[in-house]
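Start from the sequences, fold in the hints, and give me the full structure.
Residues in the sequence shown are numbered from 27 upward in steps of one, following this note's numbering.
Keep in mind that the hints were calculated from the coordinates and are not lab data. Backbone N, C-alpha and C fix where the C-beta goes; we use that ideal spot for every residue, glycine too. Where hints are given, some of them may not hold.
Under the rule of at most 30 Å between Cα atoms (straight-line distance), these lysine-lysine pairs were calculated in the DSS-like manner [stated by the list, open to error]:
1) K102 x K131
2) K131 x K60
3) K196 x K102
Distance ranges between label pairs, derived from CB positions [stated by the list, open to error]:
4) S54 x V81: 22 to 32 Å
5) Q151 x D114: 13 to 23 Å
6) A85 x Y129: 40 to 50 Å
7) L104 x D82: 19 to 29 Å
8) N83 x E153: 19 to 29 Å
9) D171 x R217: 39 to 49 Å
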Amino acid sequence: MKPFLCVTVLLLSAVCASAAPETQAPPSPSAAPKAAMDRLEPLVGDWQLTVEITVDNGATWQPMSTSPVRIEWRQKGLMLAEIPLDTDGQGFHMETYLTYDQYRKVYRKAAIDDVWGVMDIYSGQVEDAALVMTNLASGTLFPIDESTLRAFRLTLPLDQGDHRVMQIEKSDDAGATWQPAFRSSYRRITR
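If you want it as structure tokens, here you go:
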């Protein structure tokens, strides 16, 4: 190889190497939550979300709404946001923010809907390839009547590929028993 050509190749290699993005480890305070959040990578993308309700303990399901949602990373990969993309239509739309609390070793989710307008707070763990969370610890229970508060448990599979169904169960006895209430079916549109 001629000297001029060798120098040119070396210079181009150095320029290309310096222009490549560097992969850096997260700062030490965010290493544990980043590792926990990385487990939720399969949820990222655009999805068609269908929300259904049951009033007979899951024997029959009635559709509430179907709309697109985007689940995306925020806060340098330390938070997942689920954002409804079409909130003008009828039905039920929920915006959520999900993080990992490294000090209490729980995932925590804030959920705000456009029907009740309540910010509900859930916490839980990954169990058997599903994120399982309740609002029992936060106390953001829903009053059903003067003596009944309703809790919810969310079970979201992480290993079901391009179609997954989040089961939402209700409890009127502080989590002693659970019954089907809603289900949210996600079908992937794009990654």
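Here's how the hints hold up against the structure:
| no. | hint | result |
| --- | --- | --- |
| 1 | K102 x K131 | holds, 19 Å |
| 2 | K131 x K60 | holds, 12 Å |
| 3 | K196 x K102 | violated, 34 Å |
| 4 | S54 x V81: 22 to 32 Å | violated, 50 Å |
| 5 | Q151 x D114: 13 to 23 Å | violated, 36 Å |
| 6 | A85 x Y129: 40 to 50 Å | holds, 42 Å |
| 7 | L104 x D82: 19 to 29 Å | violated, 40 Å |
| 8 | N83 x E153: 19 to 29 Å | holds, 23 Å |
| 9 | D171 x R217: 39 to 49 Å | holds, 44 Å |
Hint check: violations occur at hints 3, 4, 5, 7; the rest are consistent with the structure.
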